[in-house]
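Just so you know, the protein sequences line up as chains A and B, in that order. The first sequence maps to residues 87 to 341 in the numbering used here. The second sequence maps to residues 916 to 1224 in the numbering used here.
Just to be clear, a hint being listed does not mean it is correct.
[What the hints assert, rightly or not] Label pairs and their computed distance ranges (CB to CB):
#, chain 1, residue 1, chain 2, residue 2, range
1, A, L149, B, A1038, 23 to 29 angstroms
2, B, L1081, A, E236, 58 to 64 angstroms
3, B, R1015, A, Q173, 50 to 56 angstroms
4, A, Y239, B, R1119, 27 to 33 angstroms
5, A, N151, B, L1020, 41 to 47 angstroms
6, B, Y1190, A, F204, 47 to 53 angstroms
7, A, D145, B, L1081, 55 to 61 angstroms
8, A, Y239, B, S1086, 25 to 31 angstroms
9, A, Y222, B, T1206, 48 to 54 angstroms
10, B, S1086, A, G305, 50 to 56 angstroms
11, A, R235, B, T1206, 33 to 39 angstroms
12, B, G975, A, Y239, 29 to 35 angstroms
[Unchecked claim] Anything over 12 angstroms on all C-beta distances counts as not near chain A; from chain B, calculated:
#, residue
13, M1109
14, L1112
15, L1203
16, I1207
It is worth saying that the hints were derived from the structure and are not from the lab. We put the beta carbon where it would ideally sit given N, CA and C, even for glycine.
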Amino acid sequence: MSQLLLDVNELTMRFGGLLAVNAVNLKVRNRQIVSIIGPNGAGKTTVFNCLSGFYIPTDGSVLFNGDQLAGLKDFQISRKGLVRTFQHVRLFSKMTVIENMLVAQHRHLNTNLFAGMFKTPSYRRLEQEAMDRAIYWLEEVDLLQHANREAGYLAYGQQRKLEIARCMSTQPELLLLDEPAAGLNPFETKELDQLIIRLRDEHEISVLLIEHDMGLVMGISDHIYVIAQGTPLADGTPDEVKQNPDVIKAYLGES
Amino acid sequence: MTEASLYLLQQIINGLTIGSTYALIAIGYTMVYGIIGMINFAHGEIYMIGSYVSFIVITGLLAMGSFALPLVLFIALLVAMLIASTYGWTVERVAYRPLRGSNRLIALISAIGMSIFLQNYVALAQGSRDVALAPLISGSVLELGSLDTFEVTLSWMQLLIWVVTLVTMTSLTLFISRSRMGRACRACAEDLGMTNLLGIDTNRIISLTFVIGAALAAIAGLLLGLYYGVINPFIGFMAGLKAFTAAVLGGIGSIPGAMLGGLILGVTEALTAAYFPSEYKDVVAFGLLVTILLFRPTGILGKPEVEKV
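Let the sequences and hints guide you as you build the complete structure.
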């Protein structure tokens, strides 16, 4: 078994009287694609919000590479190597594609003001590295020819790919994708599918996925967690989950 | 040229001069609004502090003698920018950051409180009466025409204001569009939460915008102080309101908008004062604000805010 990357124990999130997430356990290992599925309103995105520092969980622990994430600010969590996307596209739409890529690498660049003013050799080298990385990832998602266009003018499918590329340029270890296939056509979904697999196999990162497209989830996941009404229902390999009677009941109702 | 057109020309020159300084102050309002969506009502006071610091430095250096005037002004400018920036940074840290995420109205009240505090603090420390400085830069660069009753001139002081403003605005534009920090500022203005999630410490970027805004206000403080020759602890209020008007006029959140808005407001005021009783210039300036808010709330260069889904 490969090394444990993300270890979530008994994660609980309560909003007043509403129990949105109830004692969820989640494990993601290195080089694994793990999916969270469940009906609408099951609390999947709330789990993401807890992991990425948007919410402070009411209870439970989140260990990432052995470090406790609870209490860290969102920017600190992303610096540790855990980045996420949202259900809706959140690009800097008035900035160009390449600028979107460079902003994401802000923290890798030299923060010294004087280095920036006088363009010292180390500053130039870091800038160059950031640019190389940006170009590399734009090529990976086939957007290099659009590098100088405003991100807001890209087609929807391209915007989604740019989001993933932007996340990747921060050199994460774990990528959280919230419904990446929403609104994509079958061809684009297929491309996304290939991209996520490449992220695992070639770039050796892990992906935690929320997705409703069952074809995509079943096709690429190493492990699947099913949540219903905030509570863990089942988990296992795609085949195990598909045959689990509780899961079938939750999705199709009692028969 | 006829008397009427010469008179008009002179008023436009005067208006562009005042307008440039409004634009410098307006940048501070617009950048802060663009990123955290709040109006920093203490910004006028930062301008006032910049004015005071530059007066103190200039008087001090001149009293010591043996310095060339350009050097004195340059040192005064640097010190004023530095100290005003420190104030800008501290105000954000003390009065706004703890309130981030709370209701906008609360931050606004905190800003007004900060403004009153700074006014009274300077009034206590420096006295509340007018402080005057003998004109340091006199004479005119250009005589554009003269008639028996008056001369149309562009003075050295006006030219200085134009040049300094132009250089500052150009540097700022380059900084925002080309530099790494500028890129981060634009990212914050578009989506603060997402910028945070990409691992950028947005609090530092917010501090940076306060520091830049304050430094620009201090430049305006030095220039207007020299131009008018008289300052008091309460000049920040009116200057702040005018600059705010300029920022709204140009489209709040937009940096080119603040520049344009400042110039338009300055010229409008000068022309009002030229052809109507000069007391009406504030009426017209704020009338312009009301009109803009009624008919084009996004300002001249502002884009309508897209509702985030």
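Hints, one by one, checked against the model:
{"no.": "1", "hint": "A:L149 with B:A1038: 23 to 29 angstroms", "in the structure": "56 angstroms, violated"}
{"no.": "2", "hint": "B:L1081 with A:E236: 58 to 64 angstroms", "in the structure": "28 angstroms, violated"}
{"no.": "3", "hint": "B:R1015 with A:Q173: 50 to 56 angstroms", "in the structure": "25 angstroms, violated"}
{"no.": "4", "hint": "A:Y239 with B:R1119: 27 to 33 angstroms", "in the structure": "30 angstroms, holds"}
{"no.": "5", "hint": "A:N151 with B:L1020: 41 to 47 angstroms", "in the structure": "42 angstroms, holds"}
{"no.": "6", "hint": "B:Y1190 with A:F204: 47 to 53 angstroms", "in the structure": "51 angstroms, holds"}
{"no.": "7", "hint": "A:D145 with B:L1081: 55 to 61 angstroms", "in the structure": "59 angstroms, holds"}
{"no.": "8", "hint": "A:Y239 with B:S1086: 25 to 31 angstroms", "in the structure": "29 angstroms, holds"}
{"no.": "9", "hint": "A:Y222 with B:T1206: 48 to 54 angstroms", "in the structure": "52 angstroms, holds"}
{"no.": "10", "hint": "B:S1086 with A:G305: 50 to 56 angstroms", "in the structure": "53 angstroms, holds"}
{"no.": "11", "hint": "A:R235 with B:T1206: 33 to 39 angstroms", "in the structure": "37 angstroms, holds"}
{"no.": "12", "hint": "B:G975 with A:Y239: 29 to 35 angstroms", "in the structure": "55 angstroms, violated"}
{"no.": "13", "hint": "M1109", "in the structure": "5 angstroms, violated"}
{"no.": "14", "hint": "L1112", "in the structure": "5 angstroms, violated"}
{"no.": "15", "hint": "L1203", "in the structure": "28 angstroms, holds"}
{"no.": "16", "hint": "I1207", "in the structure": "23 angstroms, holds"}
In terms of the numbered hints stated before, the structure departs from hints 1, 2, 3, 12, 13, 14, listed from lowest to highest.
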